[in-house]
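Please work from the sequences and hints to get the whole structure.
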Amino acid sequence: MATQTTSSSSSQSLKAAVWTVLTLVVFCGLTFAYMRVTEPLFTADHSHDIQFTHPETEELVPQPPENRMWAEKHLPNQPWAMEAKYQLRNRDTVLYTNTWDPVDRDHAIRIRPFAMIFQADEDGRQQQPITVSGDSAYLRFEGSIDLESPSPGRIQFGALEGEVTIEGPEGLKITGRNFAFDENSQKIWSDELVAFQYGPHQGRGRGVEIELYAMGPKKAFGTVAVTGAKLFRIRRDVQLKMEVDSSNSNMGLPGSEIANKGNEDENETPLPLLISSHGPFQFDLEQNRGKFSDRVHVERALPDGPADTLDCDELLVELQPKDDEARAQAAERRARMQSTVPGEFVTEPLDPGLMPHTITAKGKPAIVSSPSNQLKIHADEARYGFTDHQIRFQSADRVRVLREQTLLESKQVLLQMSAEGSPQYLQCDGTGTMKHVDVEQGKLMFEAGWESQLHATLNAPDGRQLIRLKEKAVVRQPYEKMGLSADEIEFWMAGDATPQPNDKEEAEGKSKFDVMPSNIQPEEIIARGTVVMVSPQLLAETKELRVNFVKPLEKVAETALLSPQESRQQLILTSQHVPAFASIPPEQLPEGAGTAKPVPTDPLKLVADKIRVLVDRQEMKSKPTLSATEMSSEDQQEALNQIREIITEGNVRIRQDRPDGQPPLTASGDRIVVANEGEGNKQLLKMFGSPAHIRDQGAHIQASQIFVDRMANRAWVEGEGLLELPVNQTPDGKKLAEPTRLDVWWTKKMDFDGQVVKFTGEVRTILAADRLLCKEMQVKLSKPISFAEAGSDFTAPRGPSVASVATPQTGDKKDSSAPPAELQEVYCTGGVEVDGYEYIEGVLKSIRRARFWEFRVDTITGETIASGPGWVMLWRRGERDRAKLANEAVVRANSTIEQDEAQWEFTRVDFHRDMNGNIHDRISKFDHGVEILYGPVLDERTKIDPESLPDEGVRMECSNLRLTQHPEEGEQKAYVEFLAGGNVELEGRSFFAQADTISFDESKGLYMLRSLGERKATIWRQASAGSQSSRADARRMEFIPSKSILKLDQASGLDGVR
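Residue numbers (full-length UniProt numbering): 1 to 1058.
Not one of these hints is a red herring.
With a cut-off of at most 25 Å between alpha-carbon atoms, the simulated BS3-like pairs for lysine-lysine come out as follows:
no., residue 1, residue 2
1, K735, K973
2, K758, K748
3, K362, K376
4, K735, K845
5, K758, K775
6, K230, K218
7, K749, K686
8, K411, K472
9, K749, K682
10, K735, K780
11, K230, K291
12, K682, K758
13, K411, K364
Hints are computed from structural coordinates only; laboratory data are not their basis.
Right, here's the structure in full:
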């Protein structure tokens, strides 16, 4: 028999277990009612003076005044009870009735009307006992009722007929009709409509059943053969209404927390939660499980706007003891139940301290809807765990979560909540997709897909929110025509950047936290694994990609001298499935971004181990409702995020194709940074490597650090490096038969403005077989190479698949198809060394070496200037019959050399001050302290010792020298002439001469000696080595050493002339 303590503990359980409160109330109310009704009437208790007499012989006796007081206080709706003819009190129960009649041959009794008060103490201090009242009560017993035997045996059948009302503590109220009990079926039931209320909660249903059980034989029981209850059921048309505190996260619908968190006001009026089902609701008291079946509908009201709803086929509720203490008490209770003696009644119908453990909704599908948040979820099963605070959705096909215009699909969706009810993370297991559609335009704006998992950390320790896609993750953004695929993609959203609702949204119950935003605005995107990024401006392959979105820098006013504004590269995260990007038809590619400047058709193609992109997030003034073709250039630039910087690391390769089949721009290195600064073409390319390479329009730069400023049209290198330029002439202006490559190495710095390139630090130049070394060199091209013109933009739009990215050429190859630039001017200083080799048909014909302090040649005017001290050396193969004094290292003679494989001719010219001339006129002039050595040598490595001249060798000293080259004409072979002036001395092995000027004609082998004023030219000769010298003086002399011919003009002295 249930006690007051049991009722109180059950009430506490009902408060906590909102989903099962009505079940428990009905069970407790009916159980108490039947047990209390039957026990005081038919259980003999001789400690109280209650007597049952037949109506025919009854005599009215005065009733105790406390009976009237209890009826007046606790049965206000039954006024007849205060004046009832029979007021029977037994222990803590009082029965009120006016008549009772034995029926069914004294095996049954009918009481009319009846009312009962349970748990009333003798002093009447019980504030709210349980009361049962009805039109009549019918009880059939095992034995017969007679005056001699007040104990008729067990109740075999009982009924509360007509209208029945049960009321109790905390607003408990049950109303219905025609309740019955049957010992054989072990059931209490009613086929009528039953209404119930507990506190602010209320409900109704058609038909009610309580399944009972009895332990032991029936004869072991005294009054009712019932040990306890095991199942409670409302048969159909169930309707529940519960008042729910909106701050209590346990009262929400499974899944509604995805969009419904916030608006928590302790002063808010509790909101109703409605549950209805066409089929039954039943609660298993042994398993602590409840279930609603057949077209279950749950509705949670909101202060403003439509309610949140759940529709399913089944709604299951599982309760468990709330803590360790409650679990221990439940275990003790169940142990006592197992040891219950046959014939006893279980006084504890429920485990103590029950709390909801899980709520599970099942259907085909189960649908959660939150119109105020524009949220709808379709799943085969939705489960909420009150212990692990997890909401799980799963389907045989796919769970569908629709949030405003965003659709999430996956086989399993899990939302982890905190104990306080705030979302912690969202996880989708298995293949899934997420799409965002602009309904007004009817366009897909964003799509993401994955094969393994989507995991969204909603409250990371640093306050940020994370969405991670795993295994074959793909993100597409068709509106901006961009795509990204990788093994894993992460989207980081700043916590403080989460849009906050305005006053209107607050009033409409909009959530401050949005698990599924309708417009994703990430702070950072990280992609790992095999990463492919495609956009109209950029095709990239990498192992790791990081994209950081930042607030744009403050705009700085530009002067009118700057070029018109251009839209910088737009970051587009894409729309096609990545493997099919190469097949995007041209008509689906994006229109121009508003700039009138022509751009190439291909995008920048980028391959690297790691890529980081820094993006200026553009805040749109209004939602874009027009297509890209309909938007103005300013609107497009405003709508699209703009790249500020691209940082690449590890095996970096960049390719920018040009229109009309021109050679592409390519770059490679260990680390490359593309930085957009301000607006327009202000773009800086920074390259680092061991070494890094960049090739454009036939030019190639190789260095560990390379920098390119597009707007300034400047490229520079810090540290050592190599520059390769296609040229069609030598550094001194000699035209080449076909274009070749000029190679320049340096050790400190290179600075190139597109036309003038400056080198410092041990500069070394190679052009074909010519080599030049100096401390500093400056080369000027005949036309500039523009880094900012169309086709040079590193962020130019559109193009094919990343798979078409070509591997950059090595330094050993050349772009022969590129139109060569011309060298206009070369200037070297800081100690210049020149080495040249001439080959004819593969045979070495001459070697040229020179040293200057500085050297300059202008290939347009032909002017050459060299500063000394310096020297020029020349080795030539063949024809040594003439004493040649040719400065071929400077004049670059093209004379024909006769084949003489056995002998070489050596020439050296030293000067102290300057050398200048003109390469077009083939004239060179040497000034101050000029010395010339000439003669035959054995090979190309041998030099002439001025202290030991060979037989046909000569040495000449003078103050200045003019050297003229005559090209080959007809049968006349190429030859040279020179004119030496200023105290000229000419010395051979057998002669020595002095004159004011000495000229030489190589074609005749003739030296002409002249004197100025009263001075005379003088020559000393020997007939043979060691013989006596003869002297001749004259104003003018003609001397041919090879023929030993000397002619004198205005001779003043002659000694032994032959």
